[in-house]
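S.K.: With the sequences and hints as input, model every part of the structure.
Numbering of the sequence shown is given in the working numbering, commencing with residue 9 and proceeding in unit increments.
Everything labelled a hint here was simulated from the structure, so no lab data went into it. These figures come from a predicted structure and were not determined experimentally. Hints may contain errors.
Heads up, simulated DSBU-like pairs for lysine-lysine below, C-alpha to C-alpha not over 30 angstroms straight-line [stated by the list, open to error]: (1) K223 with K196; (2) K241 with K34; (3) K223 with K241; (4) K111 with K155; (5) K155 with K194; (6) K165 with K241; (7) K111 with K236; (8) K111 with K181; (9) K196 with K236; (10) K241 with K149; (11) K223 with K111; (12) K165 with K181; (13) K155 with K175; (14) K111 with K34; (15) K34 with K165; (16) K223 with K181; (17) K47 with K241; (18) K149 with K111; (19) K47 with K181; (20) K165 with K194; (21) K47 with K236; (22) K47 with K175; (23) K47 with K155; (24) K181 with K194; (25) K111 with K175; (26) K194 with K149.
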Amino acid sequence: MNWTSEGHRPAAFRGQSFHGWPTLPKIFRQDVGLYEHEKNAVRDLISVHPQEFRDDETMFDRLVRMQHFDLPTRLLDVTTNPLVALYFATAEHVDSGEPQNGKVQAFFVPQVRQRYYDSDRVSCMANLANLTANEKENIAKACQLPKAEFNDNEAVKRLLWFVRIEKPHFEPKIDPGDLRLPVFVKPKMSNRRIIAQSGAFIVYGTRRRPSGPDKDLRIRRVLIPAGKKAEIKRQLEFLGIHASSLFPEIDKAADFVLRKYTNGA
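M.R.: See below:
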């Protein structure tokens with residue numbers, strides 16, 4: 009497939025084993041039910057394993073690590089390598105007894121919606137995870153206000169407090185537009201899995217969205233037929249795209265070797 013749109017190449021790709029899943033971070037999904045408890049979930053994980061987060065400088069860094077440990081966050085995993093996305097789309101998924109198609113998505117993101125890990129905008133969006141459900145709801149409503157009135161909101165002042173812990177020189181002014189629309193983020197290549205998977209993220213701000221489609225961030229999709237998944241996975245293995253290369257932890261490598269010699273996977 010020609011992964012272009014109006015002459016532009018995609019910034020990132022995402023593969024999903026089931027074509028029917030929404031393109032949203034897990035924490036926003038109703039079936040997960042964690043959004044209202046996001047603040048406590050973040051603190052619980054850090055409280056139990058503080059040593060894992062001791063080198064993280066920002067809330068975005070912590071969310072990346074939490075995502076690595078499979079805690080649902082406001083980050084959406086993507087990759088800059090389409091073959092990696094294709095690998096994840098070939099995972100088996102059965103619903104109502106029937107194997108399901110997967111999908112690969114290409115994200116076309118304008119430069120104005122692309123940031124690095126240390127961006128002020130990313131700090132504002134990531135630190136929403138430190139707020140209560142009521143505070144996040146108040147901010148979502150206040151996003152419709154002019155900038156000056158928005159920054160007088162008590163919940164916004166609470167958000168600003170968290171941002172300035174990371175960035176003491178951050179001006180006490182948040183643009184409400186910076187919280188409404190998701191942003192593609194180029195992370196630190198800080199762990200082996202991100203490096204192996206050419207990983208990146210799309211960070212989401214307020215759960216409420218402006219009415220109408222997001223015309224700037226365009227997505228193109230291609231279905232991966234359920235009956236073709238096994239063959240595509242075998243072909244990817246010849247190209248060096250397999251569980252052992254994408255998940256460099258030794259337990260994943262050992263599982264890959266075991267399946268290779270016991271059932272031809």
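S.K.: Provide an ascending list of the numbers of those earlier hints which the structure does not satisfy.
M.R.: The structure conflicts with hints 3, 4, 6, 8, 9, 10, 17, 18, 21, 25, although it agrees with all the remaining ones.
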